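Protein chains in written order, with the numbering used here: chain A, 1 to 291; chain B, 292 to 959.
What the hints contain is simulated information worked out from the structure, not anything from laboratory work.
Mixed in with the good hints, there may be bad ones.
[As the list claims (entries may be wrong)] Chain A residues, not near chain B, derived (Cβ > 10 Å throughout):
| hint | residue |
| --- | --- |
| 1 | Leu127 |
| 2 | Phe154 |
| 3 | Glu247 |
| 4 | Pro257 |
[Stated by the list, open to error] If you want the footprint, here are the derived chain A segments under chain B, 3+ residues with CB under 8 Å:
| hint | region |
| --- | --- |
| 5 | 46-59 |
| 6 | 180-186 |
| 7 | 210-219 |
In this text, all values refer to a predicted model and were calculated from it rather than measured experimentally.
Glycine is no exception: its CB is placed at the ideal position from the N, C-alpha and C atoms.
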Amino acid sequence: MTNDTVSSPAAARPAAGPLQFQRFSPLHRRLHVLMIISFLLLATTGLTLKFSYTSWAGGVSRFLGGFESAGLIHRLAAILMVGVFLTHVFDLLRLRRTKYPSWKALIFGPNSTMFSRRDLTEFIGSLKWFLGRGPRPHFGRWTYWEKFDYFAVFWGIFVIGSTGLTLWFPIFFTRFLPGWALNVATIVHSDEALLATGFIFTVHFFNTHLRPEKFPMDTVIFTGSMPLEEFKRDKPDEYEALVASGELQSHLVEPTPAVVMRAIRIFGTTALVIGFGIVIWIVYAMLFAYR
Amino acid sequence: MIAEIRGSFLSVALVLAFAPVPVRAQDNSDCLDCHADRDMTVKHEGRTVSLYVADKALGASIHGGMPCVSCHAALKGTDLPHATPVAAVVCGSCHAEEQKQYVTSLHGKAAGRGDPLAPRCWSCHGSHDISAVKDSRSAVAPLKIPFLCGRCHQENSPVMRQLDIKDDRILENYSESIHGEGLLKKGLIVAPSCASCHGAHRILAPNDPASSIARRNIATTCTKCHAQIEQVHRKIIRGELWEKQAHVLPACTDCHPPHKIRKVAYDQGSADADCLRCHQSPDLKSKDGRSMFVSVDTLGGSRHLRIPCTQCHTEVDVAHTRPCDAVTRPVDCTSCHAEIGQLFATSTHGQLLSRGDPNAPTCKECHGRHEVKGKLNSASATFPTNVPNLCARCHREGERAAMRYQGPERTIIESYVESIHGKGLLKGGLTVTATCTSCHTPHHVLPRTDPASSVNRANVPATCGTCHHGVQETFEQSIHSTLANKTDKPLPVCNDCHTSHQITRADAEGFMLEIMNKCGRCHEDVAKSYFDTYHGKVSQLGYTKTAKCYDCHGAHDIQRVEDPRSHLSRANVVQTCQKCHAGATRRFAGYLTHATHHDPKKYPILFVVFWAMTLLLLGTLVVGGLHTLLWIPRSLAWRREVKEALAAEERSAAAAAAGKTPGGESVK
């Protein structure tokens, strides 16, 4: 994903455009890509079991090399996702050490993803805006729906991860849990996964990529940067704060080269299509083939 | 009045008793006064007949001591010398029963006609020297009978020349037969002589139904001595059938010619050469044009090679110029294969045949005719590897029997060939593998609806058990067996799970996956809930590695879970789980393998957890969805505003640029 243009001289390179605002660090971008990969793998392999009664499930399972192979993929993807999660946690620790004086500053600071009173006001303000009863809220670095998505992952990792681990090592866990706990774990694991996939592939997809202003996708999570104009419109509060503190210049970077953009768009589109495919599969399985 | 009659009767009797006898009763000595003379003769019908009576012989005879007049009754009280000719002696005055029999016999009738050749009592028994049959000196002692009868019934005797007696060389043949040999050479007086079969006094023609040698009576006659013969011939004769249906079955004499009875006589096919004299001609045709050719080559390989033609083609009459023109009936195999015949008659094939169905198979349809071979001969159509093809002639899809059959089984032959049995038989060449007849029986083929059918539900375990005996034993202990389970509910038998003609190996993937649906046909609820759990879901994806019904419940040894013998009983369940989950504990075994979250009574926790999760899911999606739906129109408007703002900005920027640098340096 990084720009590598050693062979082409800077002068010959067509001007990519004006400088852009860097919203996501390289680490965040890579984690998100890995998150997408692991999530799609987990969803696909898991749903073949959940919806084993649909004819698609058998086909997908065979495509993945059989249920054992699918199970292996599921576990590897789970390890990957937990790895992503842990990396993020370690990154937070690093951030706390290097940039924030205290945990309080990190968690409750203006750029934190932690919910605050302001999110409630912005949520109400948004509803008013949707209904034409007010202006678009003056969003800061993280909107409330972004924060929701962020914590949904925390919740999901905890719920799905713990139940998944139980199901992975049932003999170990039944040393101190009753046998029916495995049945409960199955239901929780599967329904929470359904919630996660259902939510990500519809609400998150729309909120982030498909809403008309961003359609067909918002590439900022892959490129890390967005046009300054767009940033100014989207997160006016953050922009103004940066301008006021004079730090804006330090956040400006070269735009992403076209060839990288094309790769990003291909990857993003693929992920979106798989996500929608899964949503269609879920709707079909739940509404037309449920048993 | 009665007393008066009685009185007069008594007086007459007294007069007779005491009155002087007018003529003195003759003493034997009186008779011998004349008849002791050796030269006393009389001319009778041109012959000189001696009237000498040897006193000594008379005395030694069984009638010795009896007055002459007790036989020569006509001379009683006559004056001597008596008039001639004297009326014939009537033995019947004492031997009434024998007399009666004699009168109805051929001999007696001939005598009645005045036939000079007809034998009288004394012709056989002698006259004054008569002795008891048991007396070895008697003319009718067993050892002497063949000679006695032979006096008249020998070749070229007047009797044989003048009368229509079909058998020839009777005496000669008899003496060479096993009977004659026993009697004459070995002196076994229990060996049958002429009278043993023909009777002594009531000798009748063989076509007389009352004759002891009439076709229908031969068996009775022979069994007088050969009492165990039915067991010896039990493949041929079923009990009384022999006697009752003598016209259908062969009589003893068909195989064992009378008078020639020798142990080997029937083995040698007495008249086969005679038959072949005509039937070996390839051009021989019947009146209706059928070929009557019998190839010696086909006969050569036949299992019936040593069976004489006439044993199957009965009714042949050697007295005819063409012995076979007496034949009226087709070959009846049941005359030898009686047991099989009875089975066949009750089978569907036999029933169709008796109804006159032109498609019904007969014996020869499967076994052939002269070329008939045993089922152990690999060239035989009934050899195991050939049986499927044999049955296929009618039972293949589209053939006669397949069109008549209305049951649920389709493509029977085709399926069988692909089944484990068919592959074992036809590809593996295992001749012990089940073929059509192994299950359906060869001759007692009946539809499965018939309680007597080998493939009737009640009989299926036993039928499969003929080969899979161990499985049958296990199955019959199981909850699925009618022997162990007295329920009114229908219980499965082998073919409900294994199918009948598509049987595959039980470790074949298709079978393992299909079996869950088979169990589910009866155990609908548990099958459904099974598919809700991990085991079932993986199975449903088409993989066989996870536990299927029989992995936990057992297959043929299935028992109620409560049963201590069950694989899932408290004592066994952990071990059962450990088959796949090494290290499984009792707690692990507490996993609910048939859990469903749809049953709040049985699984309240699962029910609550499921609905809590579902409400969370619905709540989140509804809130998120509504938020999104509200957002869409505003977002569209926002995009328009942004575009307009951008366009306005560009215009003003362009205007500013044009004002500043009229030279036209483009600025981005």
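Do the hints match the structure? See the list:
{"no.": "1", "hint": "Leu127", "result": "violated (7 Å)"}
{"no.": "2", "hint": "Phe154", "result": "holds (14 Å)"}
{"no.": "3", "hint": "Glu247", "result": "holds (25 Å)"}
{"no.": "4", "hint": "Pro257", "result": "holds (17 Å)"}
{"no.": "5", "hint": "46-59", "result": "holds (count 7)"}
{"no.": "6", "hint": "180-186", "result": "holds (count 5)"}
{"no.": "7", "hint": "210-219", "result": "holds (count 3)"}
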